[in-house]
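So you can see what is in the structure, the chains are spelled out below.
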Amino acid sequence: MQSTIGESKKAFMTGNETVTWAALAAGAEVMFGYPITPQNEVMHYWTRLAPKFGREFLQTEDEISAGFTVCGAVQAGKKAFTATAGPGNVLMQEPFGMAEAMRLPLVAVIQQRGGPSSGTVVYSQQEVTLTTYGGNGEGNRIVYSTATHQEIFDYVIKGFNSAWKYRFPTFILGDGYQAKMREPLTIYEPQERGIEMVTPYPLIGKAGHIGADREVQHLCNIYSLEEELYDVVMQHAAEYERIIPELVEYEQKECDDAEIIIVSHGVVSRAADDAVKLLRDQGIKAGYFRPITLRPFPEQQLRDTIAKSGAKKMLVAESAYGQLFRLIRQEIYGETIPIETLLMPGVGIIDYDIMTKVKSIL
Amino acid sequence: MTVSPAVPKSWYLPSKPHKFCPGCGHGIVLKALGEAIDELDIQDKTIFGCDIGCSLLSWDFFNCDSTQTHHGRTTPVMVGIKRSRPELVTIGYMGDGGGYSIGSQHLLNAAVRNERVTLILVNNTNYGMTGGQMAPTTLPGQKTETTPYGRDPDVTGYPTKGPEFLSALTQDDAYIARATVSNYRQLKRFIKNALCNQIEGNGFSFVEVLSTCPTNWRTNAQQTLHFLEDEMEKYFPVGELKNPLGKGDK
Amino acid sequence: MFRFQSQTNIIIEAYIGEYASGKSEMAINRALELKRQGRKVVLVDLDTVEPFYTLRPLKILLEEKGLEVISMSSEDTFGLGETGAMLTPQARWALWREGDIILDVGYGVMGARTLNLVEGAYESPHLRILAVINALRPMTNSRDRIVEYLRDLGRVDAIIANSHLGEDTDTELVLTANQIVFTAARQLGLTVEYVAVDEKLRGEIPEERFPVPVKYIKRYMPGAMWK
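Going line by line, the protein sequences match chains A, B and C.
When we follow our numbering, the leftmost residue of the first sequence carries the number 2, and every step to the right adds one.
When we follow our numbering, the leftmost residue of the second sequence carries the number 374, and every step to the right adds one.
When we follow our numbering, the leftmost residue of the third sequence carries the number 125, and every step to the right adds one.
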């Protein structure tokens, strides 16, 4: 595939634009999309750049169609992706569910906006629950929550590989602020960093005569009997659980002697990081823990962090009314550390907000 | 001689001046609709529903009960209201993206079921509110943010002709027309006919209105009118396709 | 017939360019520079794509500095949903205001055609269209890409070289990246108006390396919540 970035270089970009360049660098061959703020520039840049690199785009009639065309394209062996937000993310849960059921290497970038319903177009972290556990039934998916443009670039590339290596639908969860923010990052060809991109392959429509060169493929996502479905769900769950150690990612700072552990994800963790430094300067022993994969969640790592630190409290900070909070409680069930919250649905959180909260609860 | 009021009685004044861009056609369509509501004296029994997209800026436009829905979902919401309370006059207001793209299955099936709602769809050849992307109605060769090199019909097909396909799906008691903001008297007559058709208990009523989007077209006043009258009206013929009222546009 | 035709020393400048090229920063800095000279200045937000994300968070700050700012305020956007109406009547008729007019034009495939939306802009003898180029943005990071980009933009009267990497900018980058802008400008026969450099680098830049003035600017956009 044609080189897109050439030599590794520093660049100044917005988050949406970063998604596009990363998808190009990752070898994505086609994007299917539908307009919704705040992800529009992913499409704007893709439509400008794709023809220059022999890639394709289709604006579908809605997000349901965008998701299903991605399902079709990846079955046909193309590296395909989409990007959406808010109500579009809701509509895409149907195709995302099909991708879970049929183990399709679909990649989707979600730029969270405010909800419920049309909410705002600006920003939130209110799509955590939907993005991690949105489908009907019990499918498996991989969700990376990014905090910087560098991470958007890195994890979009990684996301394509995770999707094609493990065959679970993979999500890069950003938000409206990350989408529009502009900051420097290093862009690179994955190969230059020793990252080998998984070569896509068709699941259907393979070469050769059926019966002679290859077996016929009958893909399905519905089963006649309870026991058939049971076997499939259990098998997928077992495969997913087996790869959790390879997938799980997190970041942890200053937790060893922390009296309070601040847990956040995505763009809010930038504020948490700053808050921890400032609190430490003021003699308050704060620690920082951030899940990068929201699914699978770094459950054991968080449990170990709590145990090792002996922290008296944990603070969950998020731009939502308790989605990360709920996820954490479910994941670390049984831990007795008291959990306090700073819940600001649809609103940005800065270091000052976190510091004030920490001081009020210690 | 009486001078007609500058502002329809059914407009909600606290929301004025309205928030559409200068040169946008929505204000003209909503004025015609407001006058039609006044003349038919249906303000108290009108339910106005609007979509997502620029059409949503009309959510508090009328002094009529109004509800704002989701992108593309105005049609089924109005169907739900009309089926529950047939005495109400339900008006669904949407753009070309909401009606012909994300809500197309609702539009098509409402027409097939002959739902007794009035739908007004504003065609300005692009997704205005999300920043000027291609719409189903974008003309061949037209530049938008997602067709930066011009719309290529080989890749994305030709513009949707809504009234034409809805005509093929509906029976004789449906009202189907295409109007344009460049002919106000005709526009108002078509909208009024579409409301009368619902009030008289006939069938599905639909008016597409060719409209302007200078902001996303990046056109001055003259260029805007040129695009509407010379480019759009050439591709999208204006007129009544079905009129069961027997008082057609002659 | 237009107000601006009767005034001779009026300044009307439109800043256009790639998304996140620095248009708003240049426009704000220029508006404040003129204000410091004692002039009356109107700053107009013409970002028709995303009014929620441009000057809105900075409107009050800039008004406190004495600028007249035509932009959506947070209150104006209430009830607009999505990204809101993109153009206000005040912006359309901005040239009828008294004072210098600085237009911050949003990005888009239509380029300089956006100025069609401002009544009288293209008829004004005073209008200057300045394209802001950051050669550290991938869309404009080579001579050929800049040339191609500027050719698509429509009318451009001069270029502002604004190559930077935000907080990661250093002298070496300013020198090398802006050379690309100069090469492209030469090929197009356009002049570079000035090189814009973050004031944090004042004193570190060998200004003589550039054939045009270096203008030190303060970056305001990071003060917006979303940066």
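Everything labelled a hint here was simulated from the structure, so no lab data went into it.
Bear in mind the structure is a predicted one, so any value in this text is a computation, not a measurement.
Note that the Cβ used here is the ideal one computed from N, Cα and C, for glycine as well.
Treat the hints with care, as some may be off.
[Claimed, not checked] Looking from chain A toward chain C, a few residues come up when the C-beta cut is under 8 Å (computed):
(1) 11
(2) 13
(3) 167
(4) 184
(5) 188
(6) 191
(7) 229
(8) 235
(9) 237
(10) 239
(11) 240
(12) 243
Results for each hint:
Taking 8 Å as the C-beta contact cut-off toward chain C, the hint placing residue 11 (chain A) at the interface holds, the least distance being around 5 Å. With 8 Å as the threshold, the beta carbon of residue 13 (chain A) comes within range of chain C, its nearest partner Cβ sitting at about 5 Å, so the hint holds. Hint status for residue 167 (chain A): violated, given a least beta-carbon distance of 30 Å to chain C, over 8 Å. A distance limit of 8 Å between C-beta atoms decides the matter here; for residue 184 (chain A) the minimum to chain C is near 5 Å, and the interface restraint holds.
Taking 8 Å as the C-beta cut-off, the interface hint given for residue 188 (chain A) holds, the closest approach to chain C being about 7 Å. Given hint, residue 191 (chain A) at the interface with chain C, is violated; its Cβ is 16 Å from that chain's nearest Cβ, farther than 8 Å. Interface hint at residue 229 (chain A): violated, since its Cβ lies 45 Å from the closest Cβ of chain C, which is beyond the 8 Å cut-off. Taken as an interface hint, residue 235 (chain A) does not check out: its beta carbon lies about 43 Å from the nearest beta carbon of chain C, beyond 8 Å.
At its closest, the beta carbon of residue 237 (chain A) sits 38 Å from a beta carbon of chain C; the interface hint therefore is violated under the 8 Å criterion. This hint is violated: residue 239 (chain A) has a C-beta 42 Å from the nearest C-beta of chain C, more than the 8 Å allowed. Using the Cβ-Cβ criterion of 8 Å, the hint placing residue 240 (chain A) at the interface with chain C is not satisfied: the shortest such distance is roughly 38 Å. The restraint placing residue 243 (chain A) at the interface with chain C is violated, with a minimum CB-CB distance near 39 Å, outside the 8 Å limit.
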